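Work out the full structure: start from the sequences and follow the hints.
There are 2 protein chains.
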Amino acid sequence: MNDIAKPWANPAPTNPILEAIRFDANGLVAAIAQQHDTGEVLMMAWMNADSVTETLATGRVCYFSRSRGKLWRKGESSGQTQHLKDLRIDCDGDTLLLLVHQDGVACHTGRRNCFFRAARDGALIEIAAPEISPEKLYGHG
Amino acid sequence: MNDIAKPWANPAPTNPILEAIRFDANGLVAAIAQQHDTGEVLMMAWMNADSVTETLATGRVCYFSRSRGKLWRKGESSGQTQHLKDLRIDCDGDTLLLLVHQDGVACHTGRRNCFFRAARDGALIEIAAPEISPEKLYGHG
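As you go down the protein sequences, you meet chains V and G in turn.
Oh and the first sequence: position 65 is 65 in the numbering used here, straight run, nothing missing.
Oh and the second sequence: position 59 is 59 in the numbering used here, straight run, nothing missing.
These aren't lab readings, by the way, just hints derived from the structure by calculation.
Just so you know, these numbers come straight off a predicted model, no measurement behind them.
Even for Gly, the Cβ is constructed at its ideal location relative to N, Cα and C.
Treat each hint with caution, since some may be false.
Among chain V residues calculated to face chain G with C-beta under 8 Å, some are [what the hints assert, rightly or not]:
1. T14
2. P16
3. I17
4. Q34
5. G39
6. V41
7. M43
8. G59
9. L97
10. C107
11. A118
12. A123
13. L124
14. E126
15. Y138
With beta-carbon atoms standing in for the labels, derived distance ranges [to be verified]:
16. V:R66 to G:E19: 16 to 26 Å
17. G:D37 to V:G27: 15 to 25 Å
18. G:L18 to V:H83: 28 to 38 Å
19. V:K85 to G:K85: 20 to 30 Å
20. V:A49 to G:N26: 18 to 28 Å
Spelled out as structure tokens, the structure:
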């Protein structure tokens, strides 16, 4: 017998996309979500290899929740799903840019995007109001 | 003597912008740079409190280089400066969105932005070419 007869001994087929990603010591990579047609930066979250694989397979964005320590299928509790339009990797492989279509709002506060506080004269002001209440989003109302 | 006579004993004046940022265990916060008028996401890098303070004071974007372990004034060796137009903080304070005007190119490869590799049919393709050679950018040519 030689190695050719032992396919189970071969390494798993490589995935050039996963191989290009430089996951950090915790197995995570930063992922920016941008609305594909307007350019609005919606949020930043983290992905692990499984969430990248699932996102590419399903076309629905799946992150890794650091606080909950598990896969986080965006919209699974709020209904505010992100549909993948394109996945890009930066020059050094440690950041992903996800071009998506965002159903509804991206932010858990009910705002369209998470970057609703802006620096003005040394302080922060809110530049966007919620479009929907968190209670309505998460059904705790 | 009482405390009022010892101004040097008082804590430093608080900065509401720095206070809103949740720096990680290494004292860093993720910062996304976006071209302010076109919406193009240029790059993602890291800032510490000093680089945020300097950026707000000077209007020129200063990151913290994790590889070099020091402040990184974007463009200091390449001439490709980022001019701050707006600084925004996300809902949980662990990501900044910098709206900037980018002089020239943002990526050290000479491309306008760092996200020039896109997933296509399970592989990566390059979707942008360098606009200037790295040798020209960094004077090693």
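Against the structure, the hints:
1. T14: 11 Å, violated
2. P16: 5 Å, holds
3. I17: Status holds, d = 5 Å.
4. Q34: Holds. Min distance 6 Å.
5. G39: Since chain G brings a Cβ to about 2 Å from G39 of chain V, closer than 8 Å, the hint holds.
6. V41: Holds. Min distance 6 Å.
7. M43: This interface hint holds because 7 Å falls under the 8 Å limit.
8. G59: 12 Å, violated
9. L97: Because about 4 Å separates L97 of chain V from the closest Cβ in chain G, which is inside the 8 Å limit, the hint holds.
10. C107: Hint holds; C107 of chain V Cβ to chain G Cβ min 5 Å, cut 8 Å.
11. A118: Hint on A118 of chain V: holds, closest Cβ of chain G at ~5 Å, below 8 Å.
12. A123: 5 Å, holds
13. L124: 6 Å, holds
14. E126: Constraint on E126 of chain V not satisfied, violated at 10 Å.
15. Y138: 14 Å, violated
16. V:R66 to G:E19: 16 to 26 Å: Holds, since R66 of chain V and E19 of chain G (Cβ atoms, about 22 Å apart) stay within the stated range.
17. G:D37 to V:G27: 15 to 25 Å: Since the Cβ atoms of D37 of chain G and G27 of chain V sit about 37 Å apart, the hinted range of 15 to 25 Å is violated.
18. G:L18 to V:H83: 28 to 38 Å: 36 Å, holds
19. V:K85 to G:K85: 20 to 30 Å: Given a distance of about 26 Å, which is inside 20 to 30 Å, the answer is holds.
20. V:A49 to G:N26: 18 to 28 Å: 23 Å, holds
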